[in-house]
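Asks: The primary structure of each chain is shown beneath.
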Amino acid sequence: MEPILKINNLQTHFFTKAGILKAVDGVSFEIGAGEIVGLVGESGSGKSITGFSVMGLVDPPGKIIDGSINFKGKNLSALSNDQMQNFRGNRIAMIFQDPMMTLNPVLRIETQMIEAIQAHDSGISREDARIRSRDTLGLVGISSPDERLRAYPHQFSGGMRQRVSIAIAMLNRPDLIIADEPTTALDVTIQGQVISEMQKLCRETQTALLWITHDLAVIAGIADRVCVMYAGRIVEQGLVANIIANPMHPYTQGLMGSVPSQNQRGKPLQQINGMVPSMLNLPAGCAFQNRCNYANEKCSKMQPDITQLADSRQVRCFNVPAGQQL
Amino acid sequence: MKPILKVQNLSKDFIKSLDLVAKGLNRIGQNYKEEVVHAVDDVNFSIFKGEIVGVVGESGCGKSTLGRMVAGILSPSTGSVEFDSSQANNKETPSALRTQMIFQDPFSSLNPRKRVIDIVTEAPIYHKLITPSEKRAFATEMLQRVGLDPDTLERYPHQFSGGQRQRVGIARALAVSPEFLVCDESIAALDVSIQAQIINLFVDLKDSFDLTYLFISHDIGVIEHISDRVIVMYLGRIVETAPIEAFVKKPNHPYTQALLAGVPRLEVGKRQYEPISGEIPSPLSPPPGCHFHPRCKFAAARCKAEKPALREIAPAHFSSCHLNEEA
Ligand SMILES: Nc1ncnc2c1ncn2[C@@H]1O[C@H](COP(=O)(O)OP(=O)(O)OP(=O)(O)O)[C@@H](O)[C@H]1O
Ligand SMILES: Nc1ncnc2c1ncn2[C@@H]1O[C@H](COP(=O)(O)OP(=O)(O)O)[C@@H](O)[C@H]1O
Ligand code: SF4
Ligand code: SF4
Ligand SMILES: [Mg+2]
Ligand SMILES: [Mg+2]
Chain Z
874 MEPILKINNL QTHFFTKAGI LKAVDGVSFE IGAGEIVGLV GESGSGKSIT GFSVMGLVDP
934 PGKIIDGSIN FKGKNLSALS NDQMQNFRGN RIAMIFQDPM MTLNPVLRIE TQMIEAIQAH
994 DSGISREDAR IRSRDTLGLV GISSPDERLR AYPHQFSGGM RQRVSIAIAM LNRPDLIIAD
1054 EPTTALDVTI QGQVISEMQK LCRETQTALL WITHDLAVIA GIADRVCVMY AGRIVEQGLV
1114 ANIIANPMHP YTQGLMGSVP SQNQRGKPLQ QINGMVPSML NLPAGCAFQN RCNYANEKCS
1174 KMQPDITQLA DSRQVRCFNV PAGQQL
Chain L
597 MKPILKVQNL SKDFIKSLDL VAKGLNRIGQ NYKEEVVHAV DDVNFSIFKG EIVGVVGESG
657 CGKSTLGRMV AGILSPSTGS VEFDSSQANN KETPSALRTQ MIFQDPFSSL NPRKRVIDIV
717 TEAPIYHKLI TPSEKRAFAT EMLQRVGLDP DTLERYPHQF SGGQRQRVGI ARALAVSPEF
777 LVCDESIAAL DVSIQAQIIN LFVDLKDSFD LTYLFISHDI GVIEHISDRV IVMYLGRIVE
837 TAPIEAFVKK PNHPYTQALL AGVPRLEVGK RQYEPISGEI PSPLSPPPGC HFHPRCKFAA
897 ARCKAEKPAL REIAPAHFSS CHLNEEA
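Chains as they are written, first to last, in the working numbering: chain Z, 874 to 1199; chain L, 597 to 923.
Isolated chain Z (complex conformation):
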């Protein structure tokens, strides 16, 4: 079956005064209908810019300079701004870490939701749009939605606001939702509620979901496949279950090893030494080399290519599949 989203060799660079910053450097992945794909990595690794690129939201000095973004067979990067506007909030929706990126503080929830519907469906009546808004609020677990529709964003808690922004993303029954750290600012109890609503949504409406996070444990709980990003590149991708059971890229191994539950209580945590190199000043060769226990001379000279493995996994490292025995 044709995937909903197919990104191939995406290059999104920022042309800053200090030099060219390759925020996204050759990223490729796909998402099928009803599938949940996790995009995980630490801050600055290029996760959000990948999402913004799909949404057509990269502003100067940033620019998509190469690659293709296919959405249901259409190349989005070839669309004009107006055409892209038509997809945004309609066929493709985004949920941000801060729900106030979506919500307007001075408008009632109702006004914002009705506008979001009418922007893409001029034929629908205000009343019908209101009913759909109310029902969608109910879907994301907001009680007494009729009353809540009349409220302003500041009358909600952070968790409720995030649910409203999820409801807005769902309003036009998009084929793809990009959720950028949607639960990072929430308490675990509320995070559980939000995750459970999103799982239900993908199951019931076959929406494709890209879930961006720095928390591998969240991905383990909801995603079918995962892409691990480091310094603008996907270093490992494949089925979540396979990667959790047997991570192959040294960075994925390090990330998993440093999760407290993977360590014995009272023993020091395994840690990745050093820190992420500046994206403006990446070394020649593999970007992970200064922190990698397996780096050799080759790693400092050449960028590792993708190695395709039998379990439909891709790894960017010279030491794979020998990496299994690393």
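By construction, these hints were calculated from the structure, which means they are not laboratory data.
Fair warning: this is a prediction, and the values are worked out from it, not measured in the lab.
Don't take every hint at face value.
Cβ-to-Cβ under 7 Å is the rule here; a few derived chain L residues that face chain Z [as the list claims (entries may be wrong)]:
#, residue
1, Ser655
2, Gly656
3, Ile795
4, Asn796
5, Gly817
6, His821
7, Leu862
Below, a list of computed lysine-lysine pairs in the BS3-like style, where the Cα atoms sit at most 25 Å apart [claimed, not checked]:
#, chain 1, residue 1, chain 2, residue 2
8, Z, Lys879, L, Lys866
9, Z, Lys1140, L, Lys802
10, Z, Lys936, Z, Lys890
11, Z, Lys1073, L, Lys866
12, L, Lys687, L, Lys802
13, L, Lys687, Z, Lys1073
14, Z, Lys1140, L, Lys846
15, L, Lys645, Z, Lys1140
16, L, Lys903, L, Lys602
17, L, Lys598, L, Lys687
18, Z, Lys936, Z, Lys947
19, Z, Lys1140, L, Lys602
Restraint ranges, calculated between C-beta atoms of paired labels, are given here [as the list claims (entries may be wrong)]:
#, chain 1, residue 1, chain 2, residue 2, range
20, L, Lys710, Z, Gly1147, 46 to 52 Å
21, L, Arg907, Z, Asp1019, 42 to 48 Å
22, Z, Asp1019, L, Gln626, 25 to 31 Å
23, Z, Glu1020, L, Asn627, 22 to 28 Å
24, L, Glu870, Z, Asn1163, 23 to 29 Å
25, L, Glu718, Z, Ala951, 58 to 64 Å
26, L, Ala912, Z, Ile893, 48 to 54 Å
27, L, Arg709, Z, Pro934, 28 to 34 Å
28, L, Arg711, Z, Glu875, 58 to 64 Å
29, Z, Asn1154, L, Glu870, 45 to 51 Å
All residues carry an ideal CB built from backbone N, CA and C; glycine is no exception.
With the hints as your guide, set chain L with the ligands onto chain Z.
Replies: Relative to chain Z, chain L with the ligands alone:
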């Protein structure tokens, strides 16, 4: 053995005073009242020397307010925080400095115009714990002990990464030889791959500096890894305190159970989330009786009327739930 820290009937109320609009409206006959938040509500616990005690709970439940009172930078409304000075590491350290607090954002707590060498040595020189001539040697040693290259002594805070700044903040706190550290979300702002480094540092320092910790974190995985004991707070109250094994394996309070069930876990893998329902109630008007009753699946009539007492249900394991009395 005597505890090093004893917290008794500790409470903090914040008064949310009226804004100008409400004041104006009152003048024309409306009746807006000042509201009171019981940020910390009659809390009791003790900590023994060398323990790491974790504090967990949802946003707004009073963790930071409790931490700041323990650190002595916020005065309680009622109740007391007592340190046993006979267990001090360094008798020269003034008692106000014996507890140091490490914050989430090290940047805002470091003076941007001072060099690291001065940031680290200012307090110990002022309090005559070291002499000015010892400054460089002392700062060099402190930086090494927190894992920073002494070559960075002359740098300013903005010239460091987040993880390194947190190390500078830790060095500054340790420079006055405290015996107690209050860590408030001290790793939350750090990159995942850096968090493990700082957690390891805290544990190493505990042994080498003979420290005791109150460790506040919303990350239950981290709390499980490093704590000896855990305090669970809900809307200003302690609902459970348990030794770590009991917290992990036999949590008693329905809130603790719900909290733990919501924690994403790598080893569990794909699963259906079944979260507890409902929002955290407003601390301005907490539900009567057991604060947790609107979200509790075991709630009975009594829970709405009567506040459950914190009872010892097993050695060193306390929980405040009416279910324990019926059993
Ligand atoms: N200076 C203040 N004035 C008024 N209310 C306050 C003040 N400081 C805290 N509060 C209130 O006291 C309660 C407890 O706040 P506290 O900061 O201790 O929570 P917390 O558990 O640390 O939350 P978080 O996890 O979000 O850091 C909250 O309802 C908060 O709004
Ligand atoms: N407007 C911008 N100008 C210059 N660089 C930017 C801009 N936005 C993002 N970047 C850089 O692009 C890289 C990737 O950023 P981002 O995708 O936001 O990371 P993540 O979401 O993984 O934390 C980072 O190095 C960041 O500093
Ligand atoms: S390519 Fe070399 S440096 Fe990069 S992750 Fe693999 S072994 Fe390490
Ligand atoms: S006292 Fe009642 S409402 Fe509170 S936790 Fe126990 S059973 Fe639930
Ligand atoms: Mg981001
Ligand atoms: Mg706090």
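Asks: Evaluate each hint against the coordinates.
Replies: Comparing the hints with the structure gives:
1. Ser655: holds, 5 Å
2. Gly656: Hint violated; glycine 656(L) Cβ to chain Z Cβ min 9 Å, cut 7 Å.
3. Ile795: Given a least distance of 6 Å, the restraint on isoleucine 795(L) holds.
4. Asn796: It holds, given that the least Cβ distance between asparagine 796(L) and chain Z is near 5 Å, below 7 Å.
5. Gly817: holds, 4 Å
6. His821: holds, 4 Å
7. Leu862: holds, 5 Å
8. Lys879(Z) with Lys866(L): Given pair lysine 879(Z), lysine 866(L) holds - Cα atoms ~24 Å apart, limit 25 Å.
9. Lys1140(Z) with Lys802(L): holds, 13 Å
10. Lys936(Z) with Lys890(Z): holds, 15 Å
11. Lys1073(Z) with Lys866(L): holds, 14 Å
12. Lys687(L) with Lys802(L): holds, 18 Å
13. Lys687(L) with Lys1073(Z): violated, 60 Å
14. Lys1140(Z) with Lys846(L): It holds: about 22 Å lies between the C-alpha atoms, which stays within 25 Å.
15. Lys645(L) with Lys1140(Z): holds, 20 Å
16. Lys903(L) with Lys602(L): holds, 23 Å
17. Lys598(L) with Lys687(L): Between lysine 598(L) and lysine 687(L) the Cα gap is close to 18 Å, so the pair holds against 25 Å.
18. Lys936(Z) with Lys947(Z): holds, 20 Å
19. Lys1140(Z) with Lys602(L): Violated. Lysine 1140(Z) to lysine 602(L) sits at ~29 Å, over the 25 Å cutoff.
20. Lys710(L) with Gly1147(Z): 46 to 52 Å: Cβ of lysine 710(L) to Cβ of glycine 1147(Z): about 26 Å, so the range 46 to 52 Å is violated.
21. Arg907(L) with Asp1019(Z): 42 to 48 Å: holds, 43 Å
22. Asp1019(Z) with Gln626(L): 25 to 31 Å: holds, 27 Å
23. Glu1020(Z) with Asn627(L): 22 to 28 Å: For glutamate 1020(Z) and asparagine 627(L) the Cβ distance comes to about 24 Å; the hint holds.
24. Glu870(L) with Asn1163(Z): 23 to 29 Å: For asparagine 1163(Z) against glutamate 870(L), whose Cβ atoms are near 43 Å apart, the range 23 to 29 Å is violated.
25. Glu718(L) with Ala951(Z): 58 to 64 Å: Once the Cβ atoms are compared, 60 Å apart, the range 58 to 64 Å for alanine 951(Z) and glutamate 718(L) holds.
26. Ala912(L) with Ile893(Z): 48 to 54 Å: violated, 59 Å
27. Arg709(L) with Pro934(Z): 28 to 34 Å: The hint (28 to 34 Å, Cβ to Cβ) holds, given that arginine 709(L) and proline 934(Z) are roughly 31 Å apart.
28. Arg711(L) with Glu875(Z): 58 to 64 Å: holds, 60 Å
29. Asn1154(Z) with Glu870(L): 45 to 51 Å: holds, 47 Å
In this structure, the hints that do not hold are numbers 2, 13, 19, 20, 24, 26, in rising order.
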